[in-house]
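Following the hints, complete the assembly by docking chain B onto the known chain A.
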Amino acid sequence: LAKTTQPISMDSYEGQEVNITCSHNNIATNDYITWYQQFPSQGPRFIIQGYKTKVTNEVASLFIPADRKSSTLSLPRVSLSDTAVYYCPLNTGFQKLVFGTGTRLLVSP
Amino acid sequence: DTEVTQTPKHLVMGMTNKKSLKCEQHMGHRAMYWYKQKAKKPPELMFVYSYEKLSINESVPSRFSPECPNSSLLNLHLHALQPEDSALYLCASSQDKAGGPNEQFFGPGTRLTVL
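Top to bottom, those sequences are chains A and B. 122 is the number of the first residue of the first sequence in this note's numbering; add one for each residue after it. 26 is the number of the first residue of the second sequence in this note's numbering; add one for each residue after it.
For reference, chain A alone in the conformation it holds in the complex (with noise of 0.2 Å):
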């Protein structure tokens, strides 16, 4: 299965625009592009999945260039609860979803 790489770590401010990158050169055709989002001792929750080109839903937008080696997760106006790991699960469509290291994004004031 196609594994995802992203920066460990980035830091913001409150009120920046944050814009995280993933790595998935192996992608497979059948592979959608997901992005969860974990805080501690919680489970991930699901932000936002696309295939292709650009995907906005009410907390973010997702591009993705036409080779679809690369994403990038884009967060308009982060605030301090926005702080949290941040994954980029490729999706296969037979359920699996295989998480690579994640980035850790640190919101300050």
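Since the hints were made in silico from the structure, they are not lab data. Computed from a prediction, not measured in an experiment: that's the story for all the values here. Note that beta-carbon positions come from the ideal geometry of N, C-alpha and C, so glycine has one too. One thing to keep in mind: the hints can contain errors.
Stated by the list, open to error - In silico negatives: residues of chain A with every beta carbon more than 12 Å from chain B:
{"hint": "1", "residue": "ASN140"}
{"hint": "2", "residue": "PRO186"}
{"hint": "3", "residue": "LYS190"}
{"hint": "4", "residue": "ARG198"}
To be verified - Lysine-lysine pairs mimicking DSBU-like chemistry, simulated, CA-CA at most 35 Å apart:
{"hint": "5", "chain 1": "B", "residue 1": "LYS78", "chain 2": "B", "residue 2": "LYS65"}
{"hint": "6", "chain 1": "A", "residue 1": "LYS173", "chain 2": "B", "residue 2": "LYS44"}
{"hint": "7", "chain 1": "B", "residue 1": "LYS63", "chain 2": "A", "residue 2": "LYS173"}
{"hint": "8", "chain 1": "B", "residue 1": "LYS43", "chain 2": "A", "residue 2": "LYS173"}
{"hint": "9", "chain 1": "B", "residue 1": "LYS43", "chain 2": "A", "residue 2": "LYS190"}
To be verified - Simulated DEER-style distance windows between Cβ atoms:
{"hint": "10", "chain 1": "B", "residue 1": "SER80", "chain 2": "A", "residue 2": "LYS124", "range": "18 to 24 Å"}
{"hint": "11", "chain 1": "B", "residue 1": "LYS43", "chain 2": "A", "residue 2": "ARG166", "range": "44 to 50 Å"}
{"hint": "12", "chain 1": "B", "residue 1": "THR30", "chain 2": "A", "residue 2": "LEU201", "range": "25 to 31 Å"}
{"hint": "13", "chain 1": "A", "residue 1": "TYR172", "chain 2": "B", "residue 2": "GLU83", "range": "42 to 48 Å"}
{"hint": "14", "chain 1": "B", "residue 1": "HIS102", "chain 2": "A", "residue 2": "THR193", "range": "24 to 30 Å"}
{"hint": "15", "chain 1": "B", "residue 1": "ALA64", "chain 2": "A", "residue 2": "LYS173", "range": "42 to 48 Å"}
Chain B in isolation, oriented as in the chain A frame:
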């Protein structure tokens, strides 16, 4: 109801004990999952049930035994565990629709400590 519940929240057990973790959802989801998460590591898939049948076993040792008594319940029976099995055990559920990925809803997890 969009919640996955897990009991107990915390569990401490000895290596000779037998215990069970329980997971419940009432969203009508027909796929249910067990993940294991060690500290500061990503979740790792253990088992997947689809329509109450085991569909994926990620080569998990037999001291972990999953069970899906009905479409709302998922259990994980534990026996003769090792200290290295100490971790956060996460349950998740999703629809099981063909044609695309299904969002997984995770529970809060059971924090297991094996002495």
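Hints, one by one, checked against the model:
The Cβ of ASN140 (chain A) sits about 21 Å from the closest Cβ of chain B, beyond the 12 Å cut-off, so the non-interface label holds. Distance check on PRO186 (chain A): its Cβ is at least 19 Å (rounded) from any Cβ of chain B, clearing the 12 Å threshold; non-interface status holds. Listed as outside the interface, LYS190 (chain A) is consistent with that label: its C-beta sits roughly 18 Å from the nearest C-beta of chain B, beyond the 12 Å cut-off. Every CB of chain B is more than 12 Å from the CB of ARG198 (chain A) (nearest about 24 Å), matching its label as outside the interface.
For the hint pairing LYS78 (chain B) with LYS65 (chain B), the CA-to-CA distance comes to about 31 Å; that is within 35 Å, so the pair holds. About 44 Å separates the Cα atoms of LYS173 (chain A) and LYS44 (chain B), which puts this hinted pair outside 35 Å; it is violated. Distance restraint check for LYS63 (chain B) and LYS173 (chain A): the Cα-Cα separation of roughly 32 Å lies within the 35 Å cut-off, and the hinted pair is therefore satisfied. Using a Cα cut-off of 35 Å, the hinted pair LYS43 (chain B) and LYS173 (chain A) is violated, with the two alpha carbons roughly 47 Å apart.
Only pairs whose Cα atoms come within 35 Å are accepted, and LYS43 (chain B) paired with LYS190 (chain A) is rejected, the gap being roughly 45 Å. Separated by about 22 Å at the C-beta atoms, SER80 (chain B) and LYS124 (chain A) satisfy the suggested range of 18 to 24 Å. At roughly 32 Å, the beta-carbon separation of LYS43 (chain B) and ARG166 (chain A) lies outside the given 44 to 50 Å, and the hint is violated. Checking the proposed 25 to 31 Å range against THR30 (chain B) and LEU201 (chain A) shows it holds: the Cβ atoms sit about 28 Å from each other.
Look at TYR172 (chain A) against GLU83 (chain B): about 25 Å separates their beta carbons, and that is not inside 42 to 48 Å. Distance hint check: the CB atoms of HIS102 (chain B) and THR193 (chain A) are about 42 Å apart, inconsistent with the given range 24 to 30 Å. For ALA64 (chain B) and LYS173 (chain A), the hinted distance range of 42 to 48 Å is not satisfied, since their beta carbons lie about 35 Å from each other.
The structure shown violates the earlier hints numbered 6, 8, 9, 11, 13, 14 and 15.
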